[in-house]
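Chemist: One letter stands for each residue in the lines below.
2 protein chains.
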Amino acid sequence: MYGFSLLKTDKLSAARRGVLRTAHGEVPTPIFMPVGTQGTVKALIPEMLKDAGVRIILGNTYHLFLRPGHELIREMGGLHRFMNWDRPILTDSGGYQVFSLGKLRKIKEEGVSFQSHVDGSAHFLSPEKAVEIQNALGSDVVMVLDECPPYPSDFDYISKSLDLTLRWAARSREAWTDSVSESGRYQFGIVQGGMIKELRHRATASLMEIGFDGYAIGGLSVGEPKHLMREVLSYSVDWLPEDKPRYLMGVGKPDDILDAISRGVDMFDCVLPTRNARNGQLFTRSGPINIKRAEFREDKGPVDENCDCYTCRHYSRAYLRHLFIAKEILSSVLNTIHNVRFFVKLLEDVRIAIENGNFTTFKTEFMRRYEA
Amino acid sequence: MYGFSLLKTDKLSAARRGVLRTAHGEVPTPIFMPVGTQGTVKALIPEMLKDAGVRIILGNTYHLFLRPGHELIREMGGLHRFMNWDRPILTDSGGYQVFSLGKLRKIKEEGVSFQSHVDGSAHFLSPEKAVEIQNALGSDVVMVLDECPPYPSDFDYISKSLDLTLRWAARSREAWTDSVSESGRYQFGIVQGGMIKELRHRATASLMEIGFDGYAIGGLSVGEPKHLMREVLSYSVDWLPEDKPRYLMGVGKPDDILDAISRGVDMFDCVLPTRNARNGQLFTRSGPINIKRAEFREDKGPVDENCDCYTCRHYSRAYLRHLFIAKEILSSVLNTIHNVRFFVKLLEDVRIAIENGNFTTFKTEFMRRYEA
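So the sequence lines, in the order shown, correspond to chains A and B.
Per our numbering, residue 1 is the first one in the first sequence, and the count goes up by one each step.
Per our numbering, residue 1 is the first one in the second sequence, and the count goes up by one each step.
Note that these hints are calculated values from the structure, not bench results.
Watch out, some of these pointers could steer you wrong.
Result set (BS3-like, lysine-lysine): computed pairs, CA atoms no more than 25 Å apart in a straight line [as the list claims (entries may be wrong)]: (1) Lys106(A) to Lys160(A); (2) Lys50(B) to Lys50(A); (3) Lys327(A) to Lys50(B); (4) Lys8(B) to Lys244(B); (5) Lys42(A) to Lys327(B); (6) Lys244(A) to Lys197(A); (7) Lys292(B) to Lys42(A); (8) Lys50(A) to Lys327(B); (9) Lys327(B) to Lys327(A); (10) Lys42(B) to Lys327(A); (11) Lys42(A) to Lys50(B); (12) Lys226(A) to Lys197(A); (13) Lys42(B) to Lys292(A); (14) Lys327(B) to Lys103(A); (15) Lys300(A) to Lys42(B); (16) Lys42(B) to Lys50(A); (17) Lys327(A) to Lys103(B); (18) Lys42(A) to Lys226(A); (19) Lys345(B) to Lys11(B); (20) Lys253(B) to Lys292(B); (21) Lys42(A) to Lys300(B); (22) Lys11(B) to Lys244(B); (23) Lys327(A) to Lys42(A); (24) Lys345(B) to Lys8(B); (25) Lys345(A) to Lys226(A); (26) Lys253(B) to Lys103(B); (27) Lys11(A) to Lys244(A); (28) Lys345(B) to Lys42(B); (29) Lys42(B) to Lys42(A); (30) Lys197(B) to Lys226(B).
Pulled a few chain A residues facing chain B out of the computed Cβ check, cut under 8 Å [stated by the list, open to error]: (31) Val35; (32) Gly39; (33) Lys42; (34) Ala43; (35) Ile45; (36) Pro68; (37) Leu72; (38) Glu75; (39) Met76; (40) Asn84.
The beta carbon of each residue, even a glycine, is placed where N, CA and C say it ideally should be.
This is chain A alone, in the form it adopts within the complex (with noise of 0.2 Å):
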C-alpha cells in the first residue's frame, strides 16, 4: 500500500505523472512543497494550508535541532503534531544550513562540527545523528546528510566533497531502519557533483548502488546559470531509476520547475512563494507584480483575476497595498495565502496537464502568458 507509483508518462516529454504513498497521506505528483522552517510556513495555520491545497510540507531539520529542538518535538509526539500538520513532511538533513548558516563549521571523516547561527553553540551533526533527528522528527521523507559545494568550485573540491557525502550516504542507509513498505516512510539519497558530468554520474551510480527510496538531485540553484542548471538537471535526471520519486532540491522560480518536469523530475520545494510574499512579491499568471507599487493605490481588482485562493476571493489589490505599506502582519499573511496557491494550482494544473497528454502545449502556453 505504501510506496511510489508511476500513473503515467508523457509522450512529447520525459514529464511523469505519480504518487508517493506515505504514512500521512499520499501525495500527487509532480508536487511543490511550501517550506515550513522552524515548525511553521510563516504566517499560516495549517486550515490555510489546505485550503490553498498543499499536500506536503517541507521542514528544516537546523533549525529544529537546534530551536526547539529535536527531543523536545519527539516528546511532544513528533513534528506533525507538534506543529498541528497531519499531512506528509519531508525535512532536509540539516546539512545544507549548517554550510551556509552554521558558524566555525569543521568537516571531517565523522561529521560536521559547527555553531549555532542564533547563540553560538557547539554541535555537531553526522549521517547517522541526521537520521536520527529526522526519525525524532517523524518526517514521512527524510534526506541524507551531504555536503552542497558553494558554486563555483574546482574540480578537485567537488570531487573530494562528493566521495565524503558519498561515504556519508551509505552510512546514512545504514542507520535506516525503516521499510517503505513497511512504515510509509522514505529515505532519500542527494546527487551531488557539481557541475560536473562525470561526478555526477559517479555519485548517481554510487547512490544507486546503495539503494534508496527517492532520490534528489541538490547542488543546483545555487547561483549557476540557468542554462547550466538545466544542462546538469537534464542528464542527472535521466541516469536516475524510473520507478523511484526524483526531487530536484530548492528550485524555484515557475519556470525552472516546468523545465525540470519536463525533463521527469516529482518533487520541488522553494521558499520564494513564502519569502516573496512577505516582501510584497504576488505571482500571478502574468508574472509577477510588486503590490507596493503606486499603481496598485485604488486597484479594486484581486491579484490575479484567475485565481481562487482565500486572499483573491476576499481582498482588493488597494488593500493589499495598504496592508503592504503599513507593515500589518496581515499583509504576510494574505500574501503568503496566495503565493502558496499560486505554486499549489500550478502543480495541479500541470497534473492535470500530463493526465490529459497536454504537458507540452500547456507549459508553452504557461510561459508565454508569464514571461509577456
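Please build the complex by placing chain B on the supplied structure of chain A, with the hints as guidance.
Modeler: Then chain B, alone, in the frame of chain A:
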C-alpha cells in the same frame, strides 16, 4: 428595528444586558470590541475574529485618515468591504491619536492642525471633518471629536478644554444627518472633564442637552490611579440616561471591565489582548502568563485548559513558546486569537450571568481565580 434596547438589569449591581441593533447586525451588550487600528485587527483574518465570537470591532479614524485615506476607502466601498468585515464597526474620532501621536499640533476653535507621525505631512481635523471621515468609512458607531486632557492637568486647563470639547460636540451633532432608526448608524458624544466631578457633571448635562445616540466616557485609563478611575467612573455612569448605550473608552483589564459593568457600562475597547499577544502575554482564567518563560518549554497543555479558542484546541504551550522565541509570525496570529477569545468569552459569560441574575457572584468568582 434599529436602536438600543435594554433587556435586563441586574438586581445587585447596575450591570445591564442589552442589544445594539446596527446596519451591520446586532451587538449584544455588555460587549468588548477588539481594536483594528489600520483596517485589520493585527494578524487575524475576519474568519478568525468570527470564530472567536467577535461581534464588533473598533477602527482608528486617525490612522485610516492618514493611510490609506478615507476617500480611498470610500471609493473602495467603505471600510467593511475594504477589510472584508461585515459585522459592525465603531470608529473613534481621531482626536485621541492626534493628541498622542500627531506632531506640532495646534488647537484652535475651528479644529486641530497637526503633522502626520508617518510622513510629517500637514493635516487639519475639525468636528465636521471627523464626521465626514467616519461617514466615508461607513462606521456603524461614530464618535465625536474631543480633546482628552493628559493626566494630571489642572482645573483651568481641563475646564477650558472641556468647553471646547462641548462646542465641538454641538458642531459634531449639527454635522450629523443620520437617524438611528433609519440608518442603523449611531453618533456617540464623549464625556470629558478630567478627574473633576463638577466638570464631568457639566459635560454630561451639556451632551445630554445636545442629545446623542449613545454616550462614551473618555479621559479615563490615562495614567490615573485605579481607585480614582473607579470613583470618576462611578458618578459619570450614574448621570447618563438609562436608555442609551454607554461606552468606556480604552478600558481595559479584565478587573476594570468587570467593575465598569457593575456600574452600568455597556461597551469596551482596548488594545490589551491584541498588543500583549504580540509580546507573548496570554490571558488565562488564572491570570496572565508570559509564554516565553522557560517553564513552558516542554508544556504539552494548552494555554488555558478551559479555553475553547482555535489556539487552545490545537496547540501546546511548548509550541507557542517555540514560535515566540523563534520570532515567527504565526506566534502573533495564534496568541492574538487566544487573547481575543479570552476577552470575548469573558463578556459572553458576563452576559449569561446578568441574564441569570448572578453577575455579582460571577464577578467575585472570576476575580478570585484570576488574581489567585
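Chemist: A separate judgement is required for each hint: does it hold in the structure or not?
Modeler: Verification of the supplied hints:
no.: 1; hint: Lys106(A) to Lys160(A); in the structure: holds, 15 Å
no.: 2; hint: Lys50(B) to Lys50(A); in the structure: holds, 20 Å
no.: 3; hint: Lys327(A) to Lys50(B); in the structure: holds, 23 Å
no.: 4; hint: Lys8(B) to Lys244(B); in the structure: holds, 14 Å
no.: 5; hint: Lys42(A) to Lys327(B); in the structure: holds, 10 Å
no.: 6; hint: Lys244(A) to Lys197(A); in the structure: holds, 21 Å
no.: 7; hint: Lys292(B) to Lys42(A); in the structure: holds, 19 Å
no.: 8; hint: Lys50(A) to Lys327(B); in the structure: holds, 23 Å
no.: 9; hint: Lys327(B) to Lys327(A); in the structure: holds, 16 Å
no.: 10; hint: Lys42(B) to Lys327(A); in the structure: holds, 10 Å
no.: 11; hint: Lys42(A) to Lys50(B); in the structure: holds, 23 Å
no.: 12; hint: Lys226(A) to Lys197(A); in the structure: holds, 16 Å
no.: 13; hint: Lys42(B) to Lys292(A); in the structure: holds, 19 Å
no.: 14; hint: Lys327(B) to Lys103(A); in the structure: holds, 21 Å
no.: 15; hint: Lys300(A) to Lys42(B); in the structure: holds, 22 Å
no.: 16; hint: Lys42(B) to Lys50(A); in the structure: holds, 23 Å
no.: 17; hint: Lys327(A) to Lys103(B); in the structure: holds, 21 Å
no.: 18; hint: Lys42(A) to Lys226(A); in the structure: violated, 28 Å
no.: 19; hint: Lys345(B) to Lys11(B); in the structure: holds, 23 Å
no.: 20; hint: Lys253(B) to Lys292(B); in the structure: holds, 21 Å
no.: 21; hint: Lys42(A) to Lys300(B); in the structure: holds, 22 Å
no.: 22; hint: Lys11(B) to Lys244(B); in the structure: holds, 19 Å
no.: 23; hint: Lys327(A) to Lys42(A); in the structure: holds, 16 Å
no.: 24; hint: Lys345(B) to Lys8(B); in the structure: holds, 19 Å
no.: 25; hint: Lys345(A) to Lys226(A); in the structure: holds, 24 Å
no.: 26; hint: Lys253(B) to Lys103(B); in the structure: violated, 29 Å
no.: 27; hint: Lys11(A) to Lys244(A); in the structure: holds, 19 Å
no.: 28; hint: Lys345(B) to Lys42(B); in the structure: holds, 19 Å
no.: 29; hint: Lys42(B) to Lys42(A); in the structure: holds, 16 Å
no.: 30; hint: Lys197(B) to Lys226(B); in the structure: holds, 16 Å
no.: 31; hint: Val35; in the structure: violated, 13 Å
no.: 32; hint: Gly39; in the structure: holds, 6 Å
no.: 33; hint: Lys42; in the structure: holds, 6 Å
no.: 34; hint: Ala43; in the structure: holds, 4 Å
no.: 35; hint: Ile45; in the structure: holds, 7 Å
no.: 36; hint: Pro68; in the structure: holds, 4 Å
no.: 37; hint: Leu72; in the structure: holds, 6 Å
no.: 38; hint: Glu75; in the structure: holds, 6 Å
no.: 39; hint: Met76; in the structure: holds, 6 Å
no.: 40; hint: Asn84; in the structure: holds, 5 Å
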